[in-house]
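Asker: Use these hints to put chain G onto chain W, whose structure you have.
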Amino acid sequence: MQREFPRHLNSLAGLYEFTEEIMKAHDLPDGIRFPVHLATEELFVNMVHYNPTVTTDIEVGIDVAEQVTVSLVDNGGVEFDVTAKREVDVDSPLEERKPGGLGLHLIQNLVDSLEYQYQDGRGEVIFTKKSGNKDV
Amino acid sequence: MFEIEYGDGGAVMCRGRLDAAQCEKAEAFMGELEGENTLDFTDLEYISSAGLGILLKTQKRLAGSSAGLKIINVNNHIYDVFRYSGFHAIFDIEAKE
Numbered sequence: 001m002q003r004e005f006p007r008h009l010n011s012l013a014g015l016y017e018f019t020e021e022i023m024k025a026h027d028l029p030d031g032i033r034f035p036v037h038l039a040t041e042e043l044f045v046n047m048v049h050y051n052p053t054v055t056t057d058i059e060v061g062i063d064v065a066e067q068v069t070v071s072l073v074d075n076g077g078v079e080f081d082v083t084a085k086r087e088v089d090v091d092s093p094l095e096e097r098k099p100g101g102l103g104l105h106l107i108q109n110l111v112d113s114l115e116y117q118y119q120d121g122r123g124e125v126i127f128t129k130k131s132g133n134k135d136v
Numbered sequence: 001m002f003e004i005e006y007g008d009g010g011a012v013m014c015r016g017r018l019d020a021a022q023c024e025k026a027e028a029f030m031g032e033l034e035g036e037n038t039l040d041f042t043d044l045e046y047i048s049s050a051g052l053g054i055l056l057k058t059q060k061r062l063a064g065s066s067a068g069l070k071i072i073n074v075n076n077h078i079y080d081v082f083r084y085s086g087f088h089a090i091f092d093i094e095a096k097e
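From first to last, the protein sequence lines are chains W and G. If you're matching positions, the first sequence starts at 1 in my numbering and goes up one per residue. If you're matching positions, the second sequence starts at 1 in my numbering and goes up one per residue.
Treat the hints with caution; some may be incorrect.
So the derived label-pair ranges between C-beta atoms look like this [claimed, not checked]:
hint	chain 1	residue 1	chain 2	residue 2	range
1	W	Met-1	G	Gly-31	25 to 31 Å
2	W	Gln-119	G	Glu-5	23 to 29 Å
3	G	Asp-92	W	Gly-61	16 to 22 Å
4	W	Gln-119	G	Ala-67	48 to 54 Å
5	W	Ala-84	G	Gly-35	39 to 45 Å
6	G	Asp-92	W	Glu-96	15 to 21 Å
Hints in this document: simulated from the structure, not taken from any laboratory. All residues carry an ideal CB built from backbone N, CA and C; glycine is no exception.
Chain W with its partners taken away, still in its complex shape:
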């Protein structure tokens, strides 16, 4: 199932409803749906924030089988490899902590696979999360 969403944070409610409806139809538990929603939002928001002048919609696809596979396609955006390891400070005391950078850190910890491709202005991110459901 695939749908296009306007490149704006106001799309997040519709994006949640789209993916939630499909995962609920497959009886996926909260423990799967939560990280899928979180990774999808973080990736979508990255595409919005890093491409403020781009007006194309963002294509989001989701497929549920033995794993949940989510893809996000960004046409016209800059290259941004979400699989690259970045230094994120999660151990420092409060006074040294700085907001930012946690989104990709969380994705990389919560999903089972994460891939990124970029060619001719087209960026595509695909991540998977094991569904635990052998019957779908």
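Answerer: Same frame as chain W, but now just chain G:
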């Protein structure tokens, strides 16, 4: 949908989903907090990194006056997010029973 308001017992009740689109509402409320405060997450289903940023910003501001946030009734999914983010070391957090 995200709602934030004071509860009858004085705690700050957070409800719904705190995603990046709801941060303006959360930040406007938390920016007014002073002293020690308890955030009750009983009915908070979801939080993303944008919401974590607001919690961190608020905690840092309050720490300047030797105060801070206590977060209670955190569901296990949000608790995992806190753990991966190292928030368990800089916030007083109680999981939902």
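Asker: Give a verdict on every hint.
Answerer: To see whether the hints hold, each was checked on the structure:
{"no.": "1", "hint": "Met-1/W with Gly-31/G: 25 to 31 Å", "result": "39 Å, violated"}
{"no.": "2", "hint": "Gln-119/W with Glu-5/G: 23 to 29 Å", "result": "48 Å, violated"}
{"no.": "3", "hint": "Asp-92/G with Gly-61/W: 16 to 22 Å", "result": "41 Å, violated"}
{"no.": "4", "hint": "Gln-119/W with Ala-67/G: 48 to 54 Å", "result": "51 Å, holds"}
{"no.": "5", "hint": "Ala-84/W with Gly-35/G: 39 to 45 Å", "result": "41 Å, holds"}
{"no.": "6", "hint": "Asp-92/G with Glu-96/W: 15 to 21 Å", "result": "19 Å, holds"}
Checked against the numbered hints listed earlier, the structure breaks hints 1, 2 and 3; every other hint is satisfied.
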